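Number of protein chains: 4
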Amino acid sequence: MTLAETSALQFKVADLSLAEAGRHQLRLAENEMPGLMALREEFGAAKPLAGARIAGSLHMTVQTAVLIETLVALGAQVRWASCNIFSTQDEAAAAVAVGPDGTPEHPAGVPVFAWKGETLEEYWWCTDRIFDWSDEAAAAGAEWIGPNMILDDGGDATLLVHDGRSFELAGSVPATAADASHEYRVVLDTLRRSLEASPDRWTRIADELKGVTEETTTGVHRLYELHAKGELRFPAINVNDSVTKSKFDNKYGIRHSLPDGLNRATDVLIGGKVAFVAGYGDVGKGAAEALRGQGARVIVSEVDPINALQAAMDGYQVARLESVIGDIDILVTGTGNKDVVRLEHILGLKHLAVIANVGHFDNEIDMAALETLEGAEKVEIKPQVHEWRLPTGRSVLVLSEGRLMNLGNATGHPSFVMSNSFTNQVLAQIELWTRPEEYPVGVYVLPKHLDEKVARLHLDALGVELTVLTPEQAAYIGVPVEGPYKVDHYRY
Amino acid sequence: MTLAETSALQFKVADLSLAEAGRHQLRLAENEMPGLMALREEFGAAKPLAGARIAGSLHMTVQTAVLIETLVALGAQVRWASCNIFSTQDEAAAAVAVGPDGTPEHPAGVPVFAWKGETLEEYWWCTDRIFDWSDEAAAAGAEWIGPNMILDDGGDATLLVHDGRSFELAGSVPATAADASHEYRVVLDTLRRSLEASPDRWTRIADELKGVTEETTTGVHRLYELHAKGELRFPAINVNDSVTKSKFDNKYGIRHSLPDGLNRATDVLIGGKVAFVAGYGDVGKGAAEALRGQGARVIVSEVDPINALQAAMDGYQVARLESVIGDIDILVTGTGNKDVVRLEHILGLKHLAVIANVGHFDNEIDMAALETLEGAEKVEIKPQVHEWRLPTGRSVLVLSEGRLMNLGNATGHPSFVMSNSFTNQVLAQIELWTRPEEYPVGVYVLPKHLDEKVARLHLDALGVELTVLTPEQAAYIGVPVEGPYKVDHYRY
Amino acid sequence: MTLAETSALQFKVADLSLAEAGRHQLRLAENEMPGLMALREEFGAAKPLAGARIAGSLHMTVQTAVLIETLVALGAQVRWASCNIFSTQDEAAAAVAVGPDGTPEHPAGVPVFAWKGETLEEYWWCTDRIFDWSDEAAAAGAEWIGPNMILDDGGDATLLVHDGRSFELAGSVPATAADASHEYRVVLDTLRRSLEASPDRWTRIADELKGVTEETTTGVHRLYELHAKGELRFPAINVNDSVTKSKFDNKYGIRHSLPDGLNRATDVLIGGKVAFVAGYGDVGKGAAEALRGQGARVIVSEVDPINALQAAMDGYQVARLESVIGDIDILVTGTGNKDVVRLEHILGLKHLAVIANVGHFDNEIDMAALETLEGAEKVEIKPQVHEWRLPTGRSVLVLSEGRLMNLGNATGHPSFVMSNSFTNQVLAQIELWTRPEEYPVGVYVLPKHLDEKVARLHLDALGVELTVLTPEQAAYIGVPVEGPYKVDHYRY
Amino acid sequence: MTLAETSALQFKVADLSLAEAGRHQLRLAENEMPGLMALREEFGAAKPLAGARIAGSLHMTVQTAVLIETLVALGAQVRWASCNIFSTQDEAAAAVAVGPDGTPEHPAGVPVFAWKGETLEEYWWCTDRIFDWSDEAAAAGAEWIGPNMILDDGGDATLLVHDGRSFELAGSVPATAADASHEYRVVLDTLRRSLEASPDRWTRIADELKGVTEETTTGVHRLYELHAKGELRFPAINVNDSVTKSKFDNKYGIRHSLPDGLNRATDVLIGGKVAFVAGYGDVGKGAAEALRGQGARVIVSEVDPINALQAAMDGYQVARLESVIGDIDILVTGTGNKDVVRLEHILGLKHLAVIANVGHFDNEIDMAALETLEGAEKVEIKPQVHEWRLPTGRSVLVLSEGRLMNLGNATGHPSFVMSNSFTNQVLAQIELWTRPEEYPVGVYVLPKHLDEKVARLHLDALGVELTVLTPEQAAYIGVPVEGPYKVDHYRY
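Residue numbers (the UniProt record's numbering), protein chains in the order written: chain A, 1 to 492; chain B, 1 to 492; chain C, 1 to 492; chain D, 1 to 492.
Note that these hints are calculated values from the structure, not bench results.
Just to be clear, a hint being listed does not mean it is correct.
The list treats identical chains as interchangeable, and a pair is accepted whether it falls inside one copy or across any two copies.
[What the hints assert, rightly or not] Below, computed lysine-lysine pairings styled on DSBU-like, alpha-carbon distance capped at 30 angstroms:
1) LYS382 - LYS338
2) LYS448 - LYS47
3) LYS210 - LYS382
4) LYS229 - LYS448
5) LYS486 - LYS229
6) LYS47 - LYS229
7) LYS382 - LYS116
8) LYS47 - LYS378
9) LYS448 - LYS338
10) LYS116 - LYS229
11) LYS338 - LYS378
12) LYS382 - LYS448
13) LYS486 - LYS338
14) LYS229 - LYS338
15) LYS486 - LYS448
16) LYS338 - LYS210
Nothing here was measured: the structure is a model prediction, and the numbers come from that model.
Generate the whole structure from the sequences, applying the supplied hints.
Written out as C-alpha cells, the structure is:
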C-alpha cells in the first residue's frame, strides 16, 4: 500500500476543492495561533522533534491542522486520527492530508484517518491506523518501525496500547462481557484483529514509546489511575493543568462560544433575559461573564462554598435551580456532573426556555428521562435545535440534544484559545522527546517556565507590552529575571 | 385572477414544507414578541382596524409575519411587499401567504409579494401590487377599492403614491434622464405602465389614504421634506423616534447582532483583541458594550463632543482612527456617515483585521476605492466574508461587502427587539385609523403614553415588576398615576 | 461701611490660615475644572462680562469659588451668598473673600456672605446682601447701582426680587399667615425690613436685571410657573437641562459619590451585598452602575415602564421594594418622589441594613413615621450615621437623617462634574449679557452648540481625541462641520 | 500588679466613653463578620480552645476585637498586642480591654497592649508583655505559666521567641552591629532585659508552645525559612494561603478600599480618567475592577506573561509604565516589588496626577529619590495627602507618603473581608490545639475542608443558597457530599 492509499481521507477527496478550502482556513487560523507560529520560528531550523514519530489522536479541526503542521515543521513524523466521531472538519483533514504542495494523487502531507460522521467501527479502525507505520518503515527501508510518541486527547490512543499489550501478555483478548457497551465491543474486536495479525505488536509499540502528552481532564484522570495501579508504561505530561490551558481554554473559550451557540441556535435576544448558570468553575465564570456582557440577568448555582462565595462577590445571585426555575429564560449547565438539570426542572421552566449544556456529557441534563416522558413530543426546529413539547402544555428548546452546544451549535473554541492549548502540547512533546532523563515513568505537569512561555508567545499578537524586572527587583522578590515568577500553588 | 394567483409567492411554494417551516418559526417568534401578542389579546375582540386596508412595505421576515398576523387579528385587510430585494425570508413569506389554516392551493393568508433575491424590476412590480386591491374589490362586489393605510419602511410605498399622483396630474411620466440610476428608471417604467392602464389610479389611491406609519430614519427624513415642501398628501406617524424604537432597537439590537455576525463570519476570538468603534450614538454604544462584554479592549471615535465625553465617562479610550490604526484587530463603524473608513485606514490595519459596518450604507467604508485599488485582490472565504489582499502584503477581512453585517452575516435584530418597533407600528396604525381628527396632514411622533405602553407590554415577558405610584406620589411629581411620566425632552 | 466690612465672612476669618487652606484647594480644583479654566483662557482678554454685576446664590464650595473667580476673570463684578445653610465650605468662602492677593484686612476678593451652619435668619440676610451694591456704588461714585444679573440655584434670589417687587407695588408686605412655615416668616420679615428702608428698591432692581441663569430642577420649575402666570420679569436660561448638565451631573456624579458616602459612613463591604436602587433615571443609572462596579447584586424599581425596560435590558432585576425587602443590605433611593421608603419597608429590612437617599428631599424616606414610631430608638454611631433600633428587635442604619447622603456623608459632586455644570452657567451668563436681543422675557435652554462647547472644553483633560468631519461628511449628514450635530430631541 | 494594671490601655482610658464607642462599633462589625459569629454559635458550648493561652500579635482594630472575643468565647485565654505601631484603633482596644461587662476600674476583658502611635520601644515592650502571663499564673495559683499558642501577623511574636531562646542557649544577647536598624536595636535591647531578668524564660516559653497561626505573606515566608534551616520550634499553620484568605482578602478588599481611599484623599472624579495599575495579581485585579467600575480607562502593567495575558483577556490595555506615563491621571501600584514607580516616572506624570500604593512597602515608589530631589517641594494638603511640586513645574499628589493608602487614606479591609481571614485563624487555632498529633513541627496550610467551611459560614449573610450534591452526583465526580470538592492545585 502506498502512502496515498493509507490516507482514509483520500477516498473522500475527489478533487482539490476541499483541500483548497481547508488551506484558506488554515491560513486564517495561523494568524490567530501566534503561539504555534512562534514555535515554528524559534525551532524550525533546529528541528528538536527530528526522529519523533507521533501518533496523534485529537479532533481533526482547522486548529489541529495548524498543530500538525507545526509538529512537522519541528521535525516530527506524524499520523493522525480524530478523537471523536463527529468533530472532524473534512476540509481541514483534506488540507493536511494533501499538504501545502501536494495533490490528492500525490499527497505531500500527513496521513490522516478522520472524517465527519464515522461509525464506531470506523473510528477505532482509524485509531488503530495511527499505530501502523508500515508505510514509513517501507519508505525508510526498515523492517518494522512504530510510533515513539503519542499526542492524545481523552486517552483512547493510550488505552489501545495499554490494553493491547496486556492482552498480548495474557495471550488473548478476553471474551466480551454480555453487558459490555457497544464501544467496548468494538475496541475488543479491534484488538482481536490485531492479535490475530501479530501477537506482540502492542508490546513492541509500548516498548518504543517515549511518552504521551494528554489534552483533557478525562484523559489525565485515566493516566493518574494507570500510574496509581503501577500499570503506566511510559511518562506522561498532563497538558490539561497548565495554567494557559485550564484557566484560558475553559473561561475565555466558553465566554466566546456560549453566546455564539445560543445565537446560531435560536436568534433569541439574550439582553434582559434571566439566565441561569449551573456551576461557577472556570466554565461557569466564562458563561456568566458572557451572558452579563449581553445584558442578561444571571443567576448562578454552586455546590462548592468557595466558588459560591466568589459568585456572590462578583455580584451574581446564587440560588438553587429549583428555587428560581420558573423565572429562567436560558438555562446553562457547566458543571461536569450528572443530573444537574432534572425532569422536575425541565417541567418547571418557562415556555420555550432554552437548555444549553457547556459542561461535559449529555447526562448533565437528564435527557433519558425527557426521552421517555409520556406525552412529550420532540420537534426538530433545525439540526441540533429541538423543541420538546411537554405534557404541561409548555415547551423547552434543547440544544445539541443535551450535548455540548458550544461544539454542536457553535464552532467550539476559537483558534486563539486553541493556540494556547496546542503550544503547551508542542512544548510538552519537545520536553519528553529531548529530555527523557528528566521524566521517568509518571505523570507530570509542564514546568512553570514553559507555561509562562506559552503565555509569552501570545502577547505580541494582542499588542501587550510586558514589563521586565530589573535584576534588583528580581532579587528583591526572589525570582529569576526571566521567570518562573510564581510558586506552584499560585492561583492566578 | 384568483386570490391565490395574485400571490407571487405561490410560484415559489411547491408544497407545504416551506410554509410549515415558517409556521414553526412564527410560533417561536411569537413567544419573543410579547408586545404584539398583547395587542392581539387586548384588541382582538374590538378589532379597531376593521375597515383598514393596509398596503405594507417592510422586510418580509419572520418577525414581520407576526406583525402582519397581528394587524389581521385587529381587523385589518393587508397586502404586503418587502422593502428590500434581499431581506425576505421565504419560509416566513410562505407561512403568511398560506395562512395558519390554508394550503398553497387554497391559501387563507395575506397576499404577499416578496421573495429572497428579487430583481429591481420584480421589486417595484411587487410594490405596485400592494396597491392593487382588485381581488378584494371583487370579493366585496365593489367596482374599485384601494388601500386606505400605508405601513412603510424607507418610504418606497409612499414615494410611489406621491410620484404617481403628481405624474397623473402632469398628464404623463417624464422622460428618464440620461444619468438616472437604474432603480429610478425602473420606478418610472413602473409608473408609465400604471398611467397607461389608468390615468388617475394614484390620484384615487392618494385620496383614499388616511395615513402612513414609517419605520426608519430615511423614510422619516423624506416625509419631513415632503411636508416642508407642502406636498405631503396624508398624515404620517414617525415610528422611528419613539423611545422604545430608537433607544432600544439601535442599542440593544446591535449589542446582540454585532458579536453574532463577527462570530458567524470569522470565528475569531473577540476577547483580548483591540476593537475600534466609530461613532458613539446608540449603535456605537451597543457595539462598544457588546465588545467589552466579550473581553475586547474598545477604542471609540466621535465627532460630537457630547458623545465623545460620554464615551470617556464610560471608560473607553476616545481616539481618531488614524491615531491607532495599527493596533486594531476589529474595526466597527456605526456612524451613518460616509467615508469613515478610508483607503489609508484600510492600508494601515493589522494583517487580517476585520472590517464590519453596522452603521448605514456601504459608503461608510470606502469600498469603491478598495475595489479599484491597483494590486488588491479579493478572495471569497465564504459568502459575505472576503479577504482583500493588499499591495502592502497584508490582508483585511471585509464583511458583507461593506454593507450592514448584522444583516448580512447575522440575522438582524432579534424578535424581542422588533416586537418593540412593531408594537409602535400597530399602535400608530390604530391612532391614525381611529382618531383621524387628531392628525391633520403632518408628521407626528407617537404620544408618550403610547410609547410607554409599548414598554409596558414587554415587561412581563422579562419578569419585570413595575412599581405603581400612589395618587399622592403622582400628585407630588405632577403626573397621572398611569402616565405619561416624563416631559417630552427627557433623554432616558 | 467699607468693602471689607460688608463681607460677613471676615468675622469668621481670624487669620489667613483658613483662606490659605482654601487657596490650596482651589488650585487643586482648578486642575479638575478644565471647562472653567478654558473659558478664562478664551475670554480673559475680551472680558465679555465687563459691566455685568452678578448677584450669585449657589452653594459656597471650593468648586463655586473657581466659578466665581472665572466670572471675575471674564470682567464681571460679583457678590455671593450660599443657597443652603449647611453647604458652605468656610475655607472656600475665605479664599474667595480674601482673594488671591489680599489679606483679611485688605481683601481683594469678592464679597461673600456665607458660612457653614447659618440660621434661617442669617441665610436670608445673606441673600439680601447680594442685592446691596452700595459699596460698589460708592467706589464708582454713583448714587445707586444694583445688580444686573442673577446666577441662581433653587431660585431663592429670583424669588426675593419678584416677591419684593410685587409687595412694593402693593405698598406693603402682607401679614404672615398663621400656618406659614418658619422659613417663609423669615422671608417676609426680610422684605418688611427692606420696604421700611426703601419702598422701591426691588422694583429698581427688577428693572435693572437683564436675566437669570438657573442651576436646578426646582428653580427651573419655579421659573416656568412664573412665566406661565405672566409674572416673570426678565429672561432666564435653564442651565439644568443642558445635556452636559443633566446627563452628566446626575449619572456620573452619583456614580462617584454614592459609594463614597456609603464607605465614609459605614465602611461596610459593598461587594456581594444585595443593593436596591429605587428609580432608574439618571441618578438611579449612576447608582446602579456604581454598586455593580463594586460587586453588589443590584435590584431596581421603577414606575415608568420605559425606564423599567432599560433597567432590565441592562441586566438588573426589576422588582417592587416590598417583594424583595427582606433580602436587601443597602437600600438606595433616587427618585425625587416622596414616601418611596415607607415604614413597612423599614420594618421589613435585614438587621443593620443601610438606608441612603440620593434622590431629593428627606421625604423620599418616611422619616416622620420612623421618628414617631413607638419603641424605636435612635443611636448616633457618628455624625450623619444613626442606628435606629426598631421594635422588631432589628436595627437599620439611616444616613444623613434621610437627607441627601452624597452631600451629608460624602462631599457632593466632584470638581470635574461641577466644571460641566458651571461652564454652562458661565456661557449662559455671557449669552444673556451679550446677546439680550436674542432673549426676550422667557425661559430658554442653552443653544445646542454651547452645550456641545461645554463638552468640548472637557475633552483635553481626559486625553480624548475628537474626530473632525470633512466638509463632505458634514454635508452628507446635513450638519455644519463645527456643529451642532444633533436634532433637539436627540436623547444621547 | 493586678490584671487591670497590666493593661497598658488603662492609662489611655480615662473614662468609659472610649470603650463605649468601641462597643458600638463592635456590634456593627459583628453583623459583618458572620464567620466568627457562626463559630461562637457552633463551638461556644464545647469550648474547644479551653486550656489554650494565646499570645496574639495582630493590628488591634475593631475587627480584631471581634476575633479576640470569639477566641475567648471558644474557651481561650488571650493577651494581645498590635503588630504595627500605627494601626491600633484605640476605641477597639478599650472595648476589648474593658470587656462587655467591665469598667475601666474593674475590667472583665482581655489584657491589651496597644495604642495608636506607639514608639518602637513601646511596640516591643507591648509584644514582650503578651508573653508575660504572671497575672494569669497568680490567678491560677501557679508559680509560672506561659502562653501555649501564638496568633501572629508578620511574625514578630514568633521572632521574639526564637531569637530569645537561641540567645539564651548562647548565654547572652550578641552585641548590636554598628549598622543594625533602629528597630533591631530595640529588639536586642528588649531581649537583653529579658535575659537579665530570667536566663531561660524564652526556652520555657518555646517548650510550652503548641503552635502558631500566621496571617501574612511576610510572616509565612519567615516560617518557611526557619523550617528550612531546621530551626522552627513548633508547628505553624499558614493562614495566608487559604483560598478564602488570599483570593478574597486581596482582590475584594482592594476593590473596596482603593476607590475609598482615593475619594477620601482627593475627591477627584475617577470616571473618565486614565488609571494605571502596576501588577495584575489579586491586588491588581481588584484595583482594576474597582477603577473600571467607576468609569476609568484602566491600563495595566505586568512582568508575568500569564498574568499579562489574563489582563488582556479581561479587556485591559497592557503597557509598560514609561510607554504611557504622560497619559496617566491615577497611578496605582500593587506589585509587592520595589522601585516600580521611579523618579523618571514621577517626573513624567500629568500635573497633579495621584500616586497610590496598595502593594506592600513604601519602596514600591522611589520615595527616597523624590525626597532628595533638588528643587522638589512637599506641601501638605491634608494629613496623608501631599502635593510634591517638581522642578518641571508640575506637581504630583502622593498619598500616605507612599505607604499603603488603603490603610492610610481609607480604613483597610472591611469587616466582611476580615471575617474570612479571621475565621481561618480561629479554625487554625482549633486545629493545632485539638489535633496536635496531626501536626508535627512544620508549616501547613489549612485543610481544604476547613477552607471551604470558612466560605460556607459567610454565605447566609449574603443570601446565597448553596446547592447540595446528591450521593450519586458526589460519587460520579469522586468527592464526598460534604466536600472537600477540589484537588489541591485547583486555581479558583
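Structure-based check of all given hints:
1. With identical chains, the CA atoms of LYS382 and LYS338 are at most 30 angstroms apart within one copy only, with a shortest distance of 26 angstroms there and 39 angstroms across copies.
2. Proximity of LYS448 to LYS47 under the C-alpha cut-off of 30 angstroms is restricted to the intra-copy arrangement: shortest distance 23 angstroms within a copy versus 44 angstroms between copies.
3. Proximity of LYS210 to LYS382 under the C-alpha cut-off of 30 angstroms is found in neither arrangement, the shortest distances being 47 angstroms within a copy and 42 angstroms between copies.
4. Taking the shortest alpha-carbon separations for LYS229 and LYS448, both the intra-copy value of 27 angstroms and the inter-copy value of 26 angstroms come in at or below 30 angstroms.
5. Within a single copy, LYS486 and LYS229 get their C-alpha atoms only as close as 32 angstroms, which misses the 30 angstroms cut-off; across copies the closest is 22 angstroms, which meets it.
6. With identical chains, the CA atoms of LYS47 and LYS229 are never at most 30 angstroms apart, being 36 angstroms at best within one copy and 44 angstroms at best between copies.
7. For a Cα distance limit of 30 angstroms, the shortest separation of LYS382 from LYS116 qualifies both inside one copy, at 19 angstroms, and across copies, at 20 angstroms.
8. Taking the closest pair of Cα atoms, LYS47 and LYS378 never come within 30 angstroms of each other, the shortest separation being 54 angstroms inside a single copy and 36 angstroms across copies.
9. Only between protomers do LYS448 and LYS338 lie at most 30 angstroms apart by alpha-carbon distance; the minimum there is 24 angstroms, versus 33 angstroms within a single protomer.
10. Within a single copy, LYS116 and LYS229 get their C-alpha atoms no closer than 36 angstroms, and across copies no closer than 60 angstroms, so neither meets the 30 angstroms cut-off.
11. For the identical chains of this complex, LYS338 and LYS378 are intra-copy neighbours only, at 22 angstroms inside a copy versus 49 angstroms across copies, given an alpha-carbon limit of 30 angstroms.
12. For the homomeric pair LYS382 and LYS448, neither the shortest alpha-carbon distance inside one copy (45 angstroms) nor that between copies (41 angstroms) is at most 30 angstroms.
13. In this homomeric assembly, LYS486 and LYS338 come within 30 angstroms of each other (Cα to Cα) only across copies, at 17 angstroms, whereas the closest approach inside a single copy is 35 angstroms.
14. For a Cα distance limit of 30 angstroms, the shortest separation of LYS229 from LYS338 inside one copy, 27 angstroms, qualifies, whereas the shortest one across copies, 49 angstroms, does not.
15. In the homo-oligomer, the alpha carbons of LYS486 and LYS448 lie at most 30 angstroms apart both inside one protomer (8 angstroms) and across protomers (21 angstroms), since each shortest distance falls under that limit.
16. Taking the shortest Cα distances, LYS338 and LYS210 never come within 30 angstroms of each other, neither inside one copy (36 angstroms) nor across copies (45 angstroms).
Comparing the model with each numbered hint stated earlier shows that hints 3, 6, 8, 10, 12 and 16 do not hold.
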